[in-house]
Amino acid sequence: MALYACATSACAVEALSGNLAASPASLRTPHSAIRNSAAIAASIQNPNSKIQNSTDAPASVLIPAGTYIPLQRSVKDLAAVPVAAFRLDVAPVTNAQFLAFVRANPKWQRSHVSPLFADSSYLETWAGDLELGPRAPADAPVVRVSWFAARAYAAWVGQRLPTTAEWELAAAAGYTRADGKNDEQLNRDLYAWLARPVPAVLPGVATARANFHGVRGLHGLVWEWVSDFNTALVTGESRADSGLERDLFCGAGSVGAKDTTDYAAFMRQALRSSLRANNTTSSLGFRCARDL
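Position 161 of the sequence shown, counting from 1, maps to 161 under the numbering used here, and the rest follow consecutively.
Hints were generated in silico from the structure; no laboratory data involved.
We put the beta carbon where it would ideally sit given N, CA and C, even for glycine.
Errors might be hidden in some of the hints.
[Claimed, not checked] Here are the in silico distance ranges between beta carbons for each label pair:
#	residue 1	residue 2	range
1	Ala85	Ala200	32 to 40 Å
2	Asp189	Leu116	19 to 27 Å
3	Ala210	Asn182	15 to 23 Å
4	Pro64	Asn182	14 to 22 Å
5	Asn187	Ala104	35 to 43 Å
6	Lys181	His112	21 to 29 Å
7	Asn187	Gly128	23 to 31 Å
From just these sequences and the hints, can you work out the full model?
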């Protein structure tokens, strides 16, 4: 569909995920404070203002422990993967929040970032290194960020990226119940979003409807990086399982799938498995998670 084509266009010519280079120590930049909501609100009025630091953590919710059944798995994998309870940010990281990060970490500014860690489209919707501009509203989710940049931001705020299992567990909720498989309104909204092209200017994160857990925008806003994106929605190391790799990437992607009707899950699998860690796209952002 149109959104999928746009989401993957930046990485379609890249080879399927291989061994990623070990991340540099710079990705573990310590940061003792996190932005407060008042400062972020002020930055929305003036996107070029500096966001002050505080000890207030960004809004997050508890995702109870549960199980996740991978879309694709090899015969040696468990049918259901246990997922411990964790906290997930209510909304994706915004342009204003990421602006605070690049102000404090110049090496992640658009003109300074290494091509090893972000491709040439990194933050291209911004007007400049420290200027958002009309294509990047302060309250909209930041996009055109690489996995390396997303992970560096998460470390800077004392958090991490969610795992695939955590993200999928949280995203499995409907609007009114923890299991959203039969939530007709959610499914209508999700597939309507998948059918639409990516807007030139993304809406604010507060416009996304919250799910049962209180998380906004897991469906219908942007795609999101996860920490283990290159495992292609399996529980083990997919690159070590040649049979599974053949099924995933050589035309047999639906063989052995847990639910062949879950088109959105296949879309997420296709996107994740096509990405490299330095890729950026116009519809790919991220949110942070943390352990209890």
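Going down the list of hints, with the structure as the test:
| no. | hint | verdict |
| --- | --- | --- |
| 1 | Ala85 <-> Ala200: 32 to 40 Å | holds, 39 Å |
| 2 | Asp189 <-> Leu116: 19 to 27 Å | violated, 38 Å |
| 3 | Ala210 <-> Asn182: 15 to 23 Å | holds, 19 Å |
| 4 | Pro64 <-> Asn182: 14 to 22 Å | holds, 20 Å |
| 5 | Asn187 <-> Ala104: 35 to 43 Å | holds, 41 Å |
| 6 | Lys181 <-> His112: 21 to 29 Å | violated, 45 Å |
| 7 | Asn187 <-> Gly128: 23 to 31 Å | violated, 40 Å |
The earlier numbered hints that this structure contradicts are 2, 6, 7.
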